[in-house]
Amino acid sequence: MKGMTEIVKTISKLLAGLIFFYGIYIVLFGHLTPGGGFAGGVIISGAFILLIIANGIDEEKISRGKEKVGFLESSGIFLFWIISTVGLCMGTFFFLNFLGKGRPLNIFSAGTVPLCNIAIGIEVSAALCCIVIALILVKKGDKK
Amino acid sequence: MFVILILLMILMIAGAVVAIQSKDLLSAVICMGIVGFGLTLVFLILQAPDLAIVQIVVETLTLIILIAAILKTTMKESKVKKSAVVVYSGIATVILLIILAFILGDAFKGLPDFGCPDLRMSEYYIEQGLKKTGAANLVASVILDFRAYDTLGEATVLFTAVMGILAVLRRKGRKE
Amino acid sequence: MIYFLCSLLFLVGLSGILLKRNLIKIVISLTIMEYSLFMFLALVGYKQNALAPIVKSVTEEVNYVDPLPQALVLTAIVIGLATTALLVALAVRIYEKYGTFDIRKIRRLKG
Amino acid sequence: MNSSSVTQYLLPLLVVLPLGGAFLIQLSKKISGLISDIIANFIVVVLVVLVFSLLNSPVLVYKVGGWMPVKGIPIGIYLVSDGLSMLLLIIINTIALVSLFFSISYMKRFTNKPLYYTLFLLMIAGMNGVVMSGDLFNMYVFLEVAAIASYSLVAFGTEADELEASFKYQVMGTAASAFILLGIIIIYSVTGTLNLADIGRVLKDKVTEAPIILTGILFLVGFGLKGAMMPFHAWLPDAHPSAPAPISAMLSGVLIKAIGIYALVRIMFNVIGVTPIFSNMMLCISAISMIAGVFLAFAQWDFKRLLAYHSISQMGYVMLGIWLMTPLGILGGLFHMLNHSVFKSLLFLNSGAVVYGTGSRQLKRLGGLNQKMPVTGCTSFVASMSIAGVPPFNGFWSKLIIIMACIQSHHFFLAGLAVLVSIMTLVSFLKVQRYVFFGGLKQALKDVKEVPFTMCFSMILLAFLCTTMGALLLPGAKELFIDPAVNALLNGKEYISLVLNK
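Chains as they are written, first to last, in the working numbering: chain A, 195 to 338; chain B, 24 to 199; chain C, 112 to 222; chain D, 3 to 504.
Each hint should be verified, as a subset may be incorrect.
Unchecked claim - For lysine-lysine, the following BS3-like pairs were computed, each having C-alpha atoms within a straight-line distance of at most 30 angstroms:
| no. | chain 1 | residue 1 | chain 2 | residue 2 |
| --- | --- | --- | --- | --- |
| 1 | B | LYS99 | B | LYS195 |
| 2 | B | LYS46 | C | LYS216 |
| 3 | B | LYS195 | D | LYS32 |
| 4 | D | LYS366 | D | LYS480 |
Stated by the list, open to error - Now the in silico label distances, taken between C-beta atoms and shown as ranges:
| no. | chain 1 | residue 1 | chain 2 | residue 2 | range |
| --- | --- | --- | --- | --- | --- |
| 5 | D | ILE33 | B | ILE57 | 46 to 54 angstroms |
| 6 | A | THR204 | D | ALA236 | 50 to 58 angstroms |
| 7 | B | ASP47 | A | LYS207 | 27 to 35 angstroms |
Said to hold, decoys possible - Residues of chain C placed beyond 10 angstroms of chain D at every Cβ, according to the derived structure:
| no. | residue |
| --- | --- |
| 8 | PHE115 |
| 9 | MET144 |
| 10 | LEU152 |
| 11 | VAL173 |
| 12 | THR194 |
The hints are simulated quantities; they were obtained by calculation from the structure and are not laboratory data.
Quick caveat: nothing in here was measured; it's all calculated off a predicted structure.
Don't be surprised by glycine CBs; every beta carbon is placed ideally from N, CA and C.
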């Protein structure tokens, strides 16, 4: 699959940057405003998918990217797992919100909630990129 | 508000019917988009901005995945021959569905009225959510603190699905 | 009334699964079925004249819609997305092997 | 801190460990191929040790996140392990260990082994989560984890028929999940809570209201689809044979019990409450499953497909016992569930060994394998006799109890049916033995060898269990393993006070 025209490529690069930062904003402020790790993660993956679609598919580059993305995904969910088990390791409860609650309505508040949001954001964005890349890499008309 | 909600739902049902009946797969997928984006609006009306954000991005992504799959394969739904078996099974299904609709409609009369939910469990979330978890977004406080275990399960479902997709899309399953 | 419309959407999805013989159509029907459930869950949590469950200031009067069903919908949406993606991947692979999406031509397994 | 509060901290580990293992395998697969074998097997060994150390403990309730109930209403998610969960945990983790040990050699024929282990561990985590969950929605989430892992494991070989079976399985499974979710929403709308015990308390005198009856039916359809009860069984004979053999063993031996029968029984007995109409309906379904499964199995010439149909039939026995709702019936049903998981997994592992050795699972193409594969032949003979209910193997005792329970509660027709099905099962398995292991050796099978050590070891272990598990009925063992589970079902509504007062 070839990429699209030069105009589309340039604009998509600009837009992808914007979308990417918007996604990060949604993740970071997930505990204060609507949104959160999941919504933000999907938006971030959207930025990458836009780039992939606009710039066409270079198979080699993309399969290398797929491995990196897979690793990122596993590490994201592993991070979430670690946050969840810290409570257990400290001898208290599984999924204990062990950090201080902070001042309400401040970005550094709510203990582990923003951390979980970040971990989920990483996991979700990587996972969705992985799904789309894997589906794109399937060759057309490869019948048996 | 209520009228808009009902109109939206009727639009969604119409979209769903067209999506299922249309002969062309691409237009079917796009009609499914009507249902999904309609759902986004419904969420907004129902005071659920979190869900609206998630639904709109997920719907877009679902459409991308489905369209990518269709572009790689075929757009036409192959024709169904109108044999007697098809017609009879179709009629039987429709009758079954009508009966089901009556059962569901009847049972739903026993639910609490629309707009007055029973807040047995969530009263505490609403009143103490901010104080206990520090998160101003009560939905975030529920999914990441009160019921964070569910969210671990949810993230795991997504992880499992990705692993499953990687497993299914392998070129060769068995070694020679 | 409003619950009934929701169940109607559910039944439309169900009819698609039962009647349609095309893999992609089946995936679409399943997704529509799930959407109707999300909507039902959000309807169940709605409270008349209440605000979205986001606290804007600490002193605010407490009158929000039920946040719990919204959290459940969030979880369910992710699960729905995961199943849809896996189904689509399987459908693409099946197309690769058989060259069709039609279930009647994909009957290697019997009984 | 007394001893019960220490042991309750072990409960979340049963889910956390396999999840962590699955993520770790994905992170570390680059380093060496061997590392995934080690991690997976090590974690499941730890799980088995954990489960057996939890045995004989009282009802444990663990509140995730430390959210204590407010005004008596639970607000967080509860993990609950009572007798019934314990029985299921034993089944899940033991069979998982044996299958995993079997996979070490068996899965060498497949590509991307770390992915297989990841999915396997996720499936175990999902089932453990379902069994221990004390929260309706949480149960649904972990049910989906287990189900999605099993969908993709069925298609692990990526051959055309495997993909097709997986798709069919997944469509039915997703529809089933939709029904279950609808039921959960209705329950939440009526009660305003999701905690199982709390739901039970609210619904105490509402069992006959229309929404609750509808929920019962929705759960029956949903979990019936997941557990392949008879009118909803269509996916099972495709999906179970298509999976790699250790996965078939897990699916048939464990999964349909954990996310089908267990979930339905838990919700109906302990939470909603069973009405006589419902239990009679379930008796009908189990009788139909029993008889139709065995008849359909009769016509099969594919080894694994035949076994899959027998799974439907044997699950009919389990349900027949449980839904008689008498102490003896429940004892028989649960004991048969335990036994079935052992001998059916063994049979599937046998079929896997046959496929591994000969490359075929068509009965007509096999023959005389006893000369070449003595261990497989021997163990499969034990398993066949066990499933057919020949004394002194374990299947005999549980079937005997179920038949006695039928007679005791004056269901003579069902008792006769159970005997008939048992005889037909025997005939069907004599056919398998005759075509696969006895008779003359086919020319094409001259250079077949016995399977590697790890596979033999798993089969011998299960065969040993088959011969000795009748001893679980003796006093001493019975109180430890089966009685708590029976009591958990018999005193259904006691569950509510047990959980809420912790």
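Of all the hints numbered above, which does this structure not satisfy? Sort the numbers upward. Those not satisfied are hints 4, 9, 10 and 12.
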